[in-house]
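**Student:** So the sequences go chain by chain: A and R. Counting from 1, position 35 in the first sequence corresponds to residue 35 in this note's numbering; the numbering is continuous, with no gaps. Counting from 1, position 207 in the second sequence corresponds to residue 207 in this note's numbering; the numbering is continuous, with no gaps.
Do not take every clue at face value.
[As the list claims (entries may be wrong)] Just some of the chain R residues that point at chain A, by a computed CB distance under 8 Å:
#1 48
#2 70
#3 73
#4 74
#5 89
#6 147
#7 168
#8 171
#9 201
#10 204
#11 208
#12 220
#13 222
#14 224
[Unchecked claim] Think about it this way: if two alpha-carbon atoms lie no more than 16 Å apart in a straight line, the pair counts; the simulated EDC-like pairs of lysine to aspartate or glutamate are:
#15 205/R x 159/R
#16 209/R x 38/A
#17 205/R x 38/A
#18 209/R x 42/A
#19 68/A x 152/R
#20 68/A x 38/A
[As the list claims (entries may be wrong)] A few chain R residues facing chain A, derived, Cβ under 8 Å:
#21 27
#22 44
#23 49
#24 52
#25 53
#26 77
#27 169
#28 197
#29 200
#30 205
Hints are computed from structural coordinates only; laboratory data are not their basis. Glycine included, each C-beta is placed from N, C-alpha and C at the ideal position.
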Amino acid sequence: MRCNKARSYLSQAMDEQLPGKTARDLDLHLDSCSSCREYRADLLAGRRLLAATSPSLGEDFDWRLQLKLNQALQRTAGETAYPWQETGPVRSGWFGPFTTAASLGLAAVLALAMFMGPVSRTGAPGAREAMPASGALARSGHDSDRLPLTRRPGDSPFGMSGAGLRSVSREGGWERSAGSRGFALEPAWTGNHLEDLMTIQELRLRNQRLNNQLYQYQRELSVLRARLDRADSNGLDLGE
Amino acid sequence: MNFSREEHPHGTPAAARAHLSEVRDEDLIVQVQEGNRKAFDELAARYKNRLFSFILRMVKEPVLAEELTQETLIRVYIHAAKYREIARFSTWVFTIATNLVRNKMRQRSRRPQLLSLNPAPVEDEIPLDPPDPEADPSLDIQRSELAAVINEATAGIPEKYRIPFLLREVEQLSYEEIQQVTGLKLGTVRSRINRARNRFRQLVKPLLKDETLLEELEMIEARAASLKDDPSEPR
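When you get a sec, could you build the whole thing from the sequences and use the hints?
**Tutor:** Here it is, written out as structure tokens:
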């Protein structure tokens, strides 16, 4: 038997997969070939190394497994503990990156539109002149739960003006907006896409951060519990 | 692991545990199918370290490996009804684990990891597994250093060879079981294990010339043997 052939059989011989005659031929070869013996010793040492360095899990694994299992069971039973909590993306592959890219593009276009040109709802000629009184602006800013998206004339060269001036109202009701012809009833703004996107993103991040914190606390709790258990058992041993 | 509150048919929890420890895996999963959570706890105790060891050597990241170990065991519980005794339980478990690992590795290769430009918040920098200040055996340090080197060497084996190799060397599944887990032909399993062993040998060959490392290996083996004889001894 040649060395190449013998070495190809060595792996099977380690797992007792060689037929009797081939195994005997291999043994004969090994008796006479020191390099193949060394080769076999290396393979066996590799096996020993793998066995000796087998990792093991921490003490709190069981506890966390139970926690996750309970959560999974709740999910499968349709009893989500936190219905408001978003689940992971259902689709995968190209769809995820595509939607991310599309929403980023949309956000960029909206941002550009907001900063580059005036936003006008009425589109009426002379709408630029229809500036609201600063008092009305201030009032609308106080009434709303968000900052107005409008700027006072002269605040910035990029500020919006005209009938586009409006306050952001979550309620979506009608608000009075001052113009050159006095107060005119104008539909209040029901939400800015860009700002909503940013708010959603911010809330998601905060949610994720809180989830991470919760996970950390759960881990710490489980470590402390394990320690307490160990301390209890040590105490018992000492008592006996 | 004992979280269920139902009555123990075998007296104390310890007696119930001792009773379950004598039951075959295949019989335990039948009990899990009947809703016995304790049977699942016993299966989890038997397989958690084996699964973790296999998965960690595939994905290299301890946190991810732990997550995938949990996921595998959760799937075992949730899909217990799907198990049929046409194959050994271990084959079924490692098939689930292998599929999860493959999916994760495929996802990782498609979606390279992004690095944030923002510094991480302070609370996120807490290590996930803080070291136990009470445990300070030098042997553990040696063992973990050696383990890091071996894990690195294992990662050097191409993935398609690594799965059958680890299933054989670490989990000691038979060739037929590996065939069932991986869906490969028997001859392919054999040749892939052979190739992986040769590759692993090349990677660890320089280490085998290091006398200190071999001494450490012998110490670790002796320690493991003594633990096997006397499990009450602290690790």
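**Student:** Are the hints correct? Go through all of them and say.
**Tutor:** Hint check results:
1. 48: Holds: closest Cβ of chain A sits about 6 Å from residue 48/R, inside 8 Å.
2. 70: With a closest approach of 5 Å, the residue 70/R hint holds.
3. 73: This hint holds: residue 73/R lies near chain A, its Cβ roughly 6 Å from the closest one there, short of 8 Å.
4. 74: holds, 5 Å
5. 89: violated, 18 Å
6. 147: holds, 4 Å
7. 168: It holds, given that the least Cβ distance between residue 168/R and chain A is near 7 Å, below 8 Å.
8. 171: Since chain A brings no Cβ nearer than about 10 Å to residue 171/R, farther than 8 Å, the hint is violated.
9. 201: Since the shortest Cβ distance to chain A is 5 Å, the answer is holds.
10. 204: Where the cut-off is 8 Å and the nearest Cβ of chain A is about 5 Å from residue 204/R, the hint holds.
11. 208: holds, 5 Å
12. 220: holds, 5 Å
13. 222: violated, 10 Å
14. 224: At about 7 Å, which falls below the 8 Å cut-off, the nearest Cβ of chain A leaves the hint on residue 224/R intact, so it holds.
15. 205/R x 159/R: violated, 20 Å
16. 209/R x 38/A: holds, 12 Å
17. 205/R x 38/A: Holds, at roughly 11 Å.
18. 209/R x 42/A: holds, 10 Å
19. 68/A x 152/R: violated, 30 Å
20. 68/A x 38/A: violated, 48 Å
21. 27: Residue 27/R check fails; min Cβ-Cβ to chain A is 21 Å, beyond 8 Å.
22. 44: holds, 6 Å
23. 49: At about 5 Å, which falls below the 8 Å cut-off, the nearest Cβ of chain A leaves the hint on residue 49/R intact, so it holds.
24. 52: With a closest approach of 5 Å, the residue 52/R hint holds.
25. 53: holds, 5 Å
26. 77: The hint holds - residue 77/R has a Cβ within 8 Å of chain A, the shortest such distance being about 6 Å.
27. 169: Result: holds, 5 Å to nearest chain A Cβ.
28. 197: Constraint on residue 197/R satisfied, holds at 5 Å.
29. 200: Nearest chain A Cβ about 5 Å off; hint holds.
30. 205: holds, 6 Å
Of the numbered hints listed earlier, those contradicted by the structure are 5, 8, 13, 15, 19, 20, 21.
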